[in-house]
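With numbering that gives the first Met the number 0 applied, the sequence shown has no gaps in its numbers, which climb one by one up to 736 at the end.
Errors might be hidden in some of the hints.
Stated by the list, open to error - DSS-like cross-link-like pairs, simulated, lysine-lysine; straight-line CA separation at most 25 Å:
#1 K149 with K164
#2 K355 with K480
#3 K355 with K394
Unchecked claim - The following label-pair restraints were derived from C-beta to C-beta distances:
#4 R350 with A127: 19 to 29 Å
#5 I582 with D242: 44 to 54 Å
#6 E353 with D166: 54 to 64 Å
#7 G450 with V252: 33 to 43 Å
#8 E657 with W351: 49 to 59 Å
What the hints contain is simulated information worked out from the structure, not anything from laboratory work.
Note that the structure is predicted; figures quoted are calculated from it, not measured.
Using N, Cα and C, we set each Cβ at its ideal position, and we do this for glycine too.
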Amino acid sequence: MHRHLSILGRRILIDIPSKFPPSPFKPSNPPIIFKNATLILSRFLYTSPPSPPPRQIPAFAASSSDDPTTLLREDGIAVCSSIWIDSFREPDKTVTNLTTHLRRFELWVVAYQKVCIDELGSYMPRSAIQRSALDDLLALRNAVLDARFKWGARLDFFIRSPKDKTDLESLSKRKIRALLTTTQPTAFQDRIVQEVLLMILEPVYEARFSQKSFAFRPGRNAHTVLRVVRRSFAGYLWYIKGDLSTILDGVKVGMVINALLRDVRDKKVVDLIKSALVTPVITSQVVEEKKKKRKYQKKRVLAEDEPKPDPYWLEAFFGFAPEEAEKLPSWGHCGILSPLLANVCLDELDRWMEGKIKDFYQPSKTDVIWNGPEGENEQGNTSWPEFVPTSGPDKTRKMDYIRYGGHILIGVRGPRADAATLRKQLIEFCEQKYLLKLDNESLPIEHITKGIMFLDHVLCRRVVYPTLRYTATGGKIISEKGVGTLLSVTASLKQCIRQFRKLQFLKGDRDPDPQPCFRMFHATQAHTNTQMNKLLSTMVEWYRYADNRKKVVNFCSYIIRGSLAKLYAAKYKLRSRAKVYKIASRNLSRPLKEKKGQSPEYHNLLRMGLVDSIDGLQYTRMSLVPETDYSPFPSGWRPDHEKVLLEYIRLQDPKMLEQQRQCLKEEGLITPQDYISMLVWNYKRNGVFADQPPPAEGNNVERAKELLLGLSEDNTKSRARDDEENGEGGIVRAAQM
């Protein structure tokens, strides 16, 4: 979440990690498929740092071009799109040509723009990049290709941040020693190399990853997990919840490299990642000095190109993140590449579990659901998939699995002994593949009636008795009371209170009491209300799929409203919340004066535009909270970008186009291309523009077939003659394309 600015110099030799690890709640970069989907269209001009002294460029790079502008033959977004398309077209093919993508200078420019967004807080278009920066970027690319690049350099850079004006030659020995021995933020050039590797490797593995994993992947988030659980985990009695996040703590270089070599056999890319994992990270213990509390602290003025810190409402919302999302892997100098590598290592577990799901499945003919060949809900209620009938002595044995980062959830429909056997096999697999020693306590087996906590939501079962109506023999309608289970996904109120207490919004366990939010003491009433409204809006979105959405959001609104009322009572010396509510109303939308009688009327100032309008707090009543989203989740769901890619690849297949044309001919329809060709040939033969409208339905089908047959005969007879006489056949054939 927090962006830490880098203090960089030229040509770094030793790698440094960031003092603070990147926040697990910062959204990962989406796949670059379309231009307008990834880059913010805003301009920022800057003065480039002085160009570095000329460096030796390897022979292959010098022979190609010394001018970086000549290497920008295509758009970088188009190059990324082609990588995604090629990866999804052949997802099972072993990749050996990643160095070809690593040479593409367009990708390096896109990576430079993405890193500059985090560094400067604004997007830099390619036309605004200085020539000296392009030269430095080309030198960095050549150093990576020539194996001269070193991760975590401190004093020798190939390229520096556009806002880094530090003159390393003028630094004292003490500052240089401190720079080499203390923890420093990730270097600017290291982040560029990480971005390039991510753009190359992410499409390769996104086409291969299991559909059972959802963390650290574009288009998948915690809401997707909750919707999949509501859709696919209904009817399961036993649940196995496991925490494998210790794999994300430390890196085992051999395990990561072996996982990479299963699909990627490019030596240069693999060696580059291996060096990032092996290069030691310099860390030092920073002794925090106790600062004296000052009564009035002057606000720090930001520089022109310095990005603004995250607002308080966003920081507070990230404090509500569930424990499953708290841990983000950071391995060596891989940086943003670490989550992808973690999914690469854990993908083998996903594949193993998919095989167990197929082996475990045993359909039952007497069960009215899950009796298809693959265990799909073919005969269930598609509009209410979380409802599972419980009638019948013989039940279908089935299991399902889902993984979010290092946390797994397994649902089993069958006896508890089957769940215990599966747990034993899972412990043996993790010990063999990941050298991770687990026990029965780390993988507990819990019944659905006890409630399963996952992503701050409790999974529980409700028994319902719906009325079943069906037509019997003879046309008689029979109504019966059925019995079934309904999976309930409920937000945990205890967890919500715990997170509010951690953020110091309240105290007390049994009777929570709101505490004043002194972080907003120096802000205006309008600004404070706006910040808290943004927090409430994000809370409403976070609990969108919880059954008790109204109750939880109303409780959050009560805590925040009470906290602000106590803050305003202390700030304006009103002594109690009751007086604040009396003056500012229930939603705190009326202005509170610091000194009575010394301020002009608020409405007059508002009419003159001298003060900001004060927005009242949202969701002060439960009726104002929106309803829970129960929209059905489709089976076989995929993110939008994957659906677009697969559809594009399918339409490019010649067999698919031939099938579509054959279907059109069988139905007697006319394509727009055939219609244009018919108009052109009628005009050429008769000299008159004879418009024959395309047939729609009914008797026009036979007329369309006749026109198409006549058109094909005319095409066959006239093409050779026209090509010889006036060469107009090429024009007509172009119109048919």
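These are the hints, each one checked on the structure:
1. K149 with K164: OK: K149 and K164 at ~22 Å, within 25 Å.
2. K355 with K480: violated (36 Å)
3. K355 with K394: Given that 25 Å is the threshold and the Cα spacing comes to 19 Å, the pair holds.
4. R350 with A127: 19 to 29 Å: violated (45 Å)
5. I582 with D242: 44 to 54 Å: Once the Cβ atoms are compared, 50 Å apart, the range 44 to 54 Å for D242 and I582 holds.
6. E353 with D166: 54 to 64 Å: Holds, since E353 and D166 (Cβ atoms, about 57 Å apart) stay within the stated range.
7. G450 with V252: 33 to 43 Å: Hint holds: Cβ distance 40 Å, inside 33 to 43 Å.
8. E657 with W351: 49 to 59 Å: Once the Cβ atoms are compared, 40 Å apart, the range 49 to 59 Å for W351 and E657 is violated.
Violated hints, listed in ascending order, are 2, 4 and 8; each of the other numbered hints is respected by the structure.
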